[in-house]
Amino acid sequence: MNNVERFRRSALLFPVFLLILTTIYLAEALSIRSQFGGDTIVGPRFMPILMAFIMYAALVVVIVGEWRKEAEAAAGGSLLRPLLIVVATGIYIAVFRPLGYVPATLGFLVALFLIFDFEKQRPALFVFYVIAVTALFYGLFAGIFGVRLPPLLGGF
Amino acid sequence: MEFLSLLDITFFLLAGFGALVGIIFGAIPGMTATMAVAVCLPLTYALGLHHGLALLLGLYVGGISGGMVPAVLLNIPGTPSSITTTFDGYPMAQKGEGEKALKICVIASVVGGLISAAILFLFAPLLADFSIKFSYVEKFLIILLALSVIASLSSSMLIGIFSGVIGIWLSLIGDYSISDGGNGKTRLMFDFMEPYLFEGFSLLPVLIGVFGISTILLEAEKGAKSGLVNERIKISKGGGFSLSIFNGRLTNLVRSSFIGTFVGMLPGVGGSAASVLAYTQEKNLTRDSSQMGKGAPQGLIASESANNALTGGALIPLLSLGIPGDSTTAVLIGAFTLQGIQVGPLFIPENTETWYVMMTALVFANIVMFFLMFYAIKYIAKVVMVPKHILFPIIVMMCVVGAYAINYGIMFDVWTLLIFGILGYLVQKIGLEVAPLIIGFILGSQAEVYFVKSLESFGTFSIFFTKSPIAMVLWGLIVASVMFAIVMGFKSRARQKMELTQVTGSTRTASGKGHETDND
Numbered sequence: 000m001n002n003v004e005r006f007r008r009s010a011l012l013f014p015v016f017l018l019i020l021t022t023i024y025l026a027e028a029l030s031i032r033s034q035f036g037g038d039t040i041v042g043p044r045f046m047p048i049l050m051a052f053i054m055y056a057a058l059v060v061v062i063v064g065e066w067r068k069e070a071e072a073a074a075g076g077s078l079l080r081p082l083l084i085v086v087a088t089g090i091y092i093a094v095f096r097p098l099g100y101v102p103a104t105l106g107f108l109v110a111l112f113l114i115f116d117f118e119k120q121r122p123a124l125f126v127f128y129v130i131a132v133t134a135l136f137y138g139l140f141a142g143i144f145g146v147r148l149p150p151l152l153g154g155f
Numbered sequence: 000m001e002f003l004s005l006l007d008i009t010f011f012l013l014a015g016f017g018a019l020v021g022i023i024f025g026a027i028p029g030m031t032a033t034m035a036v037a038v039c040l041p042l043t044y045a046l047g048l049h050h051g052l053a054l055l056l057g058l059y060v061g062g063i064s065g066g067m068v069p070a071v072l073l074n075i076p077g078t079p080s081s082i083t084t085t086f087d088g089y090p091m092a093q094k095g096e097g098e099k100a101l102k103i104c105v106i107a108s109v110v111g112g113l114i115s116a117a118i119l120f121l122f123a124p125l126l127a128d129f130s131i132k133f134s135y136v137e138k139f140l141i142i143l144l145a146l147s148v149i150a151s152l153s154s155s156m157l158i159g160i161f162s163g164v165i166g167i168w169l170s171l172i173g174d175y176s177i178s179d180g181g182n183g184k185t186r187l188m189f190d191f192m193e194p195y196l197f198e199g200f201s202l203l204p205v206l207i208g209v210f211g212i213s214t215i216l217l218e219a220e221k222g223a224k225s226g227l228v229n230e231r232i233k234i235s236k237g238g239g240f241s242l243s244i245f246n247g248r249l250t251n252l253v254r255s256s257f258i259g260t261f262v263g264m265l266p267g268v269g270g271s272a273a274s275v276l277a278y279t280q281e282k283n284l285t286r287d288s289s290q291m292g293k294g295a296p297q298g299l300i301a302s303e304s305a306n307n308a309l310t311g312g313a314l315i316p317l318l319s320l321g322i323p324g325d326s327t328t329a330v331l332i333g334a335f336t337l338q339g340i341q342v343g344p345l346f347i348p349e350n351t352e353t354w355y356v357m358m359t360a361l362v363f364a365n366i367v368m369f370f371l372m373f374y375a376i377k378y379i380a381k382v383v384m385v386p387k388h389i390l391f392p393i394i395v396m397m398c399v400v401g402a403y404a405i406n407y408g409i410m411f412d413v414w415t416l417l418i419f420g421i422l423g424y425l426v427q428k429i430g431l432e433v434a435p436l437i438i439g440f441i442l443g444s445q446a447e448v449y450f451v452k453s454l455e456s457f458g459t460f461s462i463f464f465t466k467s468p469i470a471m472v473l474w475g476l477i478v479a480s481v482m483f484a485i486v487m488g489f490k491s492r493a494r495q496k497m498e499l500t501q502v503t504g505s506t507r508t509a510s511g512k513g514h515e516t517d518n519d
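The listed protein sequences derive, respectively, from chains H and S. Just so we're aligned: the first sequence equals residues 0 to 155 in numbering that gives the first Met the number 0. Just so we're aligned: the second sequence equals residues 0 to 519 in numbering that gives the first Met the number 0.
Source of the hints: derived by calculation from the structure; they are not laboratory data. Every residue gets a Cβ at the ideal spot worked out from N, C-alpha and C, and that includes glycine. Do not take every clue at face value.
Partial list, computed: chain H residues near chain S (C-beta under 10 angstroms) [to be verified]: (1) Phe13; (2) Ile19; (3) Thr21; (4) Arg44; (5) Phe117.
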């Protein structure tokens, strides 16, 4: 296996990503200034800089180790479902307040039940579960725990 | 005895309900006690501190205990801490002794839980009393010790360091106030983030994201149905259980409970370490270990008493030093934060009533767990077949609405939940660990404050080594934990090399024989 392929397949990508991130973090940490002039070692930038150097040391060990060893085949699962959940949750959060709890949650549950292949063959049951879960948790949060959930379309 | 007035019927109902829900979470493979506590955390906001703690401690005890059900019946540990329960539980279930195995587990669990609660009750106030005298130097060293122990006991020390440092990084984001030795400005963020991150990431959505959302993302990858639909539960009708099984095994029961409590006290060490250590000890010390792994009751006793003893043990450093003993107690910090209470050396002296309430909830949750699981085990066993594809969407929805609810509808907290859900997922995908990350996140900013204030007060680095005999002892423990990790790393590498040599040797022999056969 050549080095490029090894890099692509092995666990090297993340340590290199962390290396870049650590450099950005260190640059930011070095720009932190103390409240009273002279930058002594004790100050707001000490701990971030220390953490960055610990990270560098650990990363060097990992990168050298990974470069030396043969890449192992990764055991795979489907990444599609987690990705869809993240997208659906992102949309849910974005529309939660503008649309209100009820429509946003109905839509979110429809999306999640579809992602998890829940009762796709029985539409009536599917709809029943979506409405029941939305109503149940409205009752739990708003009714029992007194949480002020966003009203319909931000209004009433 | 003023705390007795706080123990109303709602308190006991919530502790019992928590234990039941916890058992259900624990019994469903892939769902853990930590997740149960994280998902239900926002509910405690409206319940108040004492009722909220009753619910969360019930969830904690139930969640740890529930893991035994799929471990025995399906050979799948419901929670990581019940891994060693599969070794003897499943062989017993296959012999038609599923119910007997579960009842042994239940008794071992309740004994482990109660012994650890007793140790917590006796030991935590003493440790808190002792640690009140600590200066900033000792407080910093205690956190350094906690972080070094977490790193040492992770699957690899480097993984522990990575995870912990990422957690500390994230904790340093935000304003560093002048009173804490800082410059009064925000740091480690872009300017446009200041309105959102002035006080850093809020702890509660971080906890719910890492332990709720990320777990669902990991499980979703496997597929919600995950083959359990086709499994058949063998619990058997034949009892075969009697208390005489414990005759001659009380030493094992008590020893394993102490091991579990001790392991629970070590920061960031999960229940799997407790049960593996107790199981190994029993295997080494018992006169006849030939049946262990084939359906021996002593294996179940060691495993289950140790993992339930973890509950009391993990609360000791939390309530006396403010350092969480495991992931679940890290989430419990969220419940205190939600009510504006800081855990640490002053917690027990200043909140005596809350302390007694917690002890009552812990003991009561263990008792409820015992009655529920001992007498209704046949029904609870069916929980393992609950379809995840309905539970997962509900849990995700509960996490989002919960994150919205806890801080009066601050939308950035809800985005924090998603960000940390994704981060927790990615971190685990690449082999890092969430427990050190979260404990680093919780302790990181405190460590910095103690460090800077120590130097401000004493003006020299040497103070960290010479401040007091306690500081020297703490350094000794830090060095010992690092040495332990290095030695274990070398041992594991040597073992891997030896196994690789053996495999290569046998492959060569086999291919040599193959060639000879071909030649023939």
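Quick rundown of the hints versus the structure:
Annotation: Phe13(H) was flagged as interfacial toward chain S, and the flag holds, the nearest CB pair being 5 angstroms apart, inside 10 angstroms. Nearest Cβ of chain S to the Cβ of Ile19(H): about 14 angstroms, over the 10 angstroms cut. The hint is violated. Nearest Cβ of chain S to the Cβ of Thr21(H): about 9 angstroms, under the 10 angstroms cut. The hint holds. Among the interface hints, the one on Arg44(H) holds; its C-beta lies about 8 angstroms from the nearest C-beta in chain S, closer than the 10 angstroms criterion.
With its C-beta approaching chain S no nearer than about 4 angstroms, Phe117(H) sits inside the 10 angstroms limit, and its interface hint holds.
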